[in-house]
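K.L.:
Chain by chain, the residues:
Number of protein chains: 4
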Amino acid sequence: MLTSKRLSIEEAEILMRGAADEARRMGIPMCIAVTDDSGQLIRFDRMDGGKISSISIAIDKAFTGAAARKGTHVYNQLCVPGEPTFGIHVTNGGHFCVIGGGLPVTVDGQVVGGIGISSGTAIEDQACAEAALNHFREQTGYRP
Amino acid sequence: MLTSKRLSIEEAEILMRGAADEARRMGIPMCIAVTDDSGQLIRFDRMDGGKISSISIAIDKAFTGAAARKGTHVYNQLCVPGEPTFGIHVTNGGHFCVIGGGLPVTVDGQVVGGIGISSGTAIEDQACAEAALNHFREQTGYRP
Amino acid sequence: MLTSKRLSIEEAEILMRGAADEARRMGIPMCIAVTDDSGQLIRFDRMDGGKISSISIAIDKAFTGAAARKGTHVYNQLCVPGEPTFGIHVTNGGHFCVIGGGLPVTVDGQVVGGIGISSGTAIEDQACAEAALNHFREQTGYRP
Amino acid sequence: MLTSKRLSIEEAEILMRGAADEARRMGIPMCIAVTDDSGQLIRFDRMDGGKISSISIAIDKAFTGAAARKGTHVYNQLCVPGEPTFGIHVTNGGHFCVIGGGLPVTVDGQVVGGIGISSGTAIEDQACAEAALNHFREQTGYRP
Chain C
2 MLTSKRLSIE EAEILMRGAA DEARRMGIPM CIAVTDDSGQ LIRFDRMDGG
52 KISSISIAID KAFTGAAARK GTHVYNQLCV PGEPTFGIHV TNGGHFCVIG
102 GGLPVTVDGQ VVGGIGISSG TAIEDQACAE AALNHFREQT GYRP
Chain R
2 MLTSKRLSIE EAEILMRGAA DEARRMGIPM CIAVTDDSGQ LIRFDRMDGG
52 KISSISIAID KAFTGAAARK GTHVYNQLCV PGEPTFGIHV TNGGHFCVIG
102 GGLPVTVDGQ VVGGIGISSG TAIEDQACAE AALNHFREQT GYRP
Chain V
2 MLTSKRLSIE EAEILMRGAA DEARRMGIPM CIAVTDDSGQ LIRFDRMDGG
52 KISSISIAID KAFTGAAARK GTHVYNQLCV PGEPTFGIHV TNGGHFCVIG
102 GGLPVTVDGQ VVGGIGISSG TAIEDQACAE AALNHFREQT GYRP
Chain A
2 MLTSKRLSIE EAEILMRGAA DEARRMGIPM CIAVTDDSGQ LIRFDRMDGG
52 KISSISIAID KAFTGAAARK GTHVYNQLCV PGEPTFGIHV TNGGHFCVIG
102 GGLPVTVDGQ VVGGIGISSG TAIEDQACAE AALNHFREQT GYRP
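Protein chains in written order, with the working numbering: chain C, 2 to 145; chain R, 2 to 145; chain V, 2 to 145; chain A, 2 to 145.
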């Protein structure tokens with residue numbers, strides 16, 4: 002039997018606070034999604050002013066971070082015509098997102114969830130996701 | 002120019018707390034979604050133990066409550082083979098949900114959002130959504 | 002070679018005015034769609050206050066009226082479990098609508114377009130579609 | 002409670018007239034869509050001769066202009082393989098359009114709707130959308 006660890010709703014709340022605090026610092030109201038290790042949604046917030054088109058992008062970024070176990074920005078660099086991974090952006094029913102801003106949440110080398118941010122540029126979204134992960138590690142003491 | 006009112010993220014949080022408190026009283030971990038007046042997601046929580054299949058059901062119930070401006074249980078009673086509204090459950094790309102547990106959130110007779118609950122029976126989900134609305138009205142003083 | 006007649010944008014406008022006038026008489030802000038003989042959209046209006054969930058329903062009703070060449074209410078009566086036509090409501094990628102309010106627009110026995118109405122009950126939507134057709138025939142002199 | 006402004010059907014009509022007049026000047030029958038601030042369709046016209054494949058493209062352009070709050074031509078320049086935003090064209094269920102011809106409609110710095118044009122080249126579609134916006138501002142006196 003396999004045992005898996007996954008984020009609780011309380012731990013998703015810690016990630017959410019970390020992301021929202023950073024978004025406020027940046028002055029960009031964000032859509033923020035947190036999934037479990039299977040990429041299934043646990044928590045979502047659209048901050049007042051977050052973009053409508055970013056709702057599903059944030060959820061897809063969190064799914065991709067958890068399910069593919071890599072930052073979505075990594076796939077952005079791989080998903081270039083002529084490169085072997087090109088085409089991955091249209092898989093999974095269009096839910097595989099290759100725009101930066103999605104990250105796996107790891108604890109002791111294991112993926113326990115994903116976080117996805119959208120409403121800024123890809124660079125801003127990724128910075129916000131990283132700030133959320135840092136906040137999560139400081140608050141929980143978990144090691145990546 | 003038309004002017005519309007919609008729930009803020011803080012008001013979505015009040016609905017969320019009302020729903021989660023009732024879910025705990027019921028002993029059923031729920032998926033809870035809150036949308037704006039156009040049915041677009043503002044907030045989502047999957048309580049620890051909430052069903053995977055209920056993630057999209059809760060979101061679709063909240064969409065339907067807001068966008069169709071009626072409780073999803075009302076459409077459940079109308080969407081019976083031979084009745085004129087049968088078939089509405091497959092419209093809107095499959096996102097029109099006719100299972101009880103979705104309600105519009107109204108303030109002074111205007112729809113400002115929607116709430117959708119899923120993981121229990123349709124009856125339990127609806128009771129939980131109603132408890133959330135009651136809590137929202139007590140806390141905010143808004144009248145339906 | 003086949004020759005087909007189809008509504009022009011000006012004729013769609015006549016149907017639209019007929020529908021909107023009737024909707025105002027009813028006191029129900031409607032979503033109104035007009036398609037050509039292939040079921041492809043020519044014209045759409047969401048009156049101020051029309052339901053968000055009715056946008057795609059109105060378009061699907063107009064498609065069905067034109068493409069299947071029958072009123073959607075006719076299919077509503079046929080699409081009952083155990084009857085031979087049951088299941089048609091999930092065909093065409095979910096765009097085959099069996100809720101009353103969609104009608105073919107015929108001229109001299111030929112389908113030249115479709116009209117679909119949504120935001121009221123199925124009965125109200127159908128009455129509004131019929132009023133639009135009557136207005137169209139009065140204004141244009143075309144015979145069904 | 003948040004308050005938002007959105008285009009009325011009469012204001013959508015002004016945009017529509019501006020776009021259709023420009024399309025006639027260009028000699029290109031266009032598909033023209035106008036949405037509210039959430040990207041939900043208010044008004045659609047397919048001019049006689051407009052392309053069938055442009056129906057959904059015009060609607061998706063108007064959605065993107067409103068929901069992402071940028072011109073679709075801006076995303077066209079960003080959505081290049083190897084650039085961080087590549088992949089955004091397949092998000093939102095394939096409804097995020099990165100072809101020029103979609104613009105947000107802003108009033109006093111706030112997005113109140115979107116307009117999308119399709120049937121010409123991307124350059125022609127964009128020019129037609131811009132002409133529609135100029136006409137809208139002249140007629141209404143609203144400032145961007």
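Simulated from the structure, these hints should not be mistaken for laboratory data.
Be aware that one or more of the hints could be misleading.
Note that the list lumps identical chains together, so a pair holds whenever it fits in one copy or between two copies.
In silico lysine-lysine, DSS-like type, Cα no more than 27 Å apart, as pairs [what the hints assert, rightly or not]:
1) Lys6 / Lys52
2) Lys71 / Lys6
3) Lys71 / Lys52
Small disclaimer: the values here were computed from a predicted structure and weren't measured.
K.L.:
For every hint, state whether the structure bears it out.
P.N.:
Now the hints, each set against the structure:
When the C-alpha separation of Lys6 and Lys52 is checked against a cutoff of 27 Å, the pair qualifies only between copies, where the shortest distance is 15 Å, while the shortest distance within a copy is 32 Å. Taking the shortest alpha-carbon separations for Lys71 and Lys6, both the intra-copy value of 17 Å and the inter-copy value of 23 Å come in at or below 27 Å. In this homomeric assembly, Lys71 and Lys52 come within 27 Å of each other (Cα to Cα) both inside a single copy, at 25 Å, and across copies, at 11 Å.
Going down the numbered hints, you'll see the structure goes against none, and every one checks out.
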